[in-house]
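Quick mapping for you: the protein sequence lines, in order, are chains A and B.
For the first sequence, the working numbering begins at 715 and goes up steadily by one.
For the second sequence, the working numbering begins at 42 and goes up steadily by one.
These are calculated hints, taken from the structure and not from any lab test.
Be a bit skeptical, because a hint or two may be false.
[Stated by the list, open to error] Computed Cβ-Cβ distance ranges for the label pairs, DEER-style:
1) GLU887/A <-> ALA101/B: 34 to 44 Å
2) ALA116/B <-> ARG774/A: 26 to 36 Å
3) SER106/B <-> ALA780/A: 29 to 39 Å
4) PRO142/B <-> THR736/A: 20 to 30 Å
The beta-carbon is built from N, C-alpha and C at its ideal position, and this holds for glycine as well.
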Amino acid sequence: MGIDNVGTSDAELVRRVLGGDTGAYAALVARYRDRLGRYAVHMLGNREDAEEALQDAFVRGYRSLARCDDPERFGAWLYGILVNRCRTTGARAARRGQVFVRDEAALNGAPLPSSVERTELDDVVRRALARLAPEYREAFLLKHMDDLEYEEMARLTGAGVSALKMRVKRAREQLQAILREVERV
Amino acid sequence: MFEGGRDVVDQIIARLRRPVRIDPSLDARVMERIATLPTPRRAGAVTAAWRWLTEPRHVALSPLSGLAVATGLVALALLLPALARRPAPTIHELQFVLVAPHATAVSLIGDFNDWDPARTPMRLASAGGAVWTAVVPLSPGRYRYAFLVNGARWLADPTAPAALDNDYGGPSSVVTVAGS
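In isolation and in its complexed conformation, chain A is listed as follows:
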């Protein structure tokens, strides 16, 4: 990504790509890589699957770019593609029985009191999320991790607002039950 792309709007970059400047797409990839990657990592539970889904989403986004009706909201449009790719990748991973493996490098946040505690807590979070049904995990992450409105979530997932509210509520209840169980052990 060239320095001249910093601050360039999504709409301008999309316009350049559609005009034949393929390189402008690299700026969009760099811009959304980590932001969308966070959803993929937590939804799929391991970095390998998350990067595969993310890469597929970017390639599919490029191929369908002419159908992005509101280029100013390229990120939201691409998010919808990623949600679908994660569903496909997650279903495939579930079939091969390798969902949620340990991935110490996936999280890069504020330091906690000790690395042992951080590892243990991250592991608990990952395992708790893994025990949720995929549609509950998806709704929970979109609502609470990305702070999306229910209308936006409905647009991304194709589910109704009432169904999504129910999924988020059930996800919270199930997580609470799982974590209570973990603390008792």
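Starting from the known structure of chain A, fit chain B onto it as the hints suggest.
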């Protein structure tokens, strides 16, 4: 493990909101893959109109409008036998040919397949040969088309007239299918 006095789910949410760093080499892998793809183009007017017509949507009708639609459907049902007696437009099968000895893959793209390289892959006329062919059924009309070689190189048909009203960027050719 969790802080007392604070909802455990809220503590999980706080952890989930921390930034995640994805390996920046992913950018290069994405760009490598898209380098083999044709540049995405805005749909032409015909394609856009077709998409508008075929896209599902909710339509609200008042009872009066519903009655008008029902009347129209009855009239159509009465007219259908007469319409059915009219001859159907003739479909012609056209063979497209490109000589490309060094190509590993060739696609035929044009107005008839929404310029989608996946829809009409061309086949080698003989194994190890250089002649690529594809047969496409077309109704009478004027069509613009081109060949996409190895997924990247856009070629007009050297044996056909060039399209002057080309809005897809690369050079393209024109074929006109006459009515019967």
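Tell me, which hint numbers fail for this structure?
As far as the earlier hints go, only 2 is violated by this structure.
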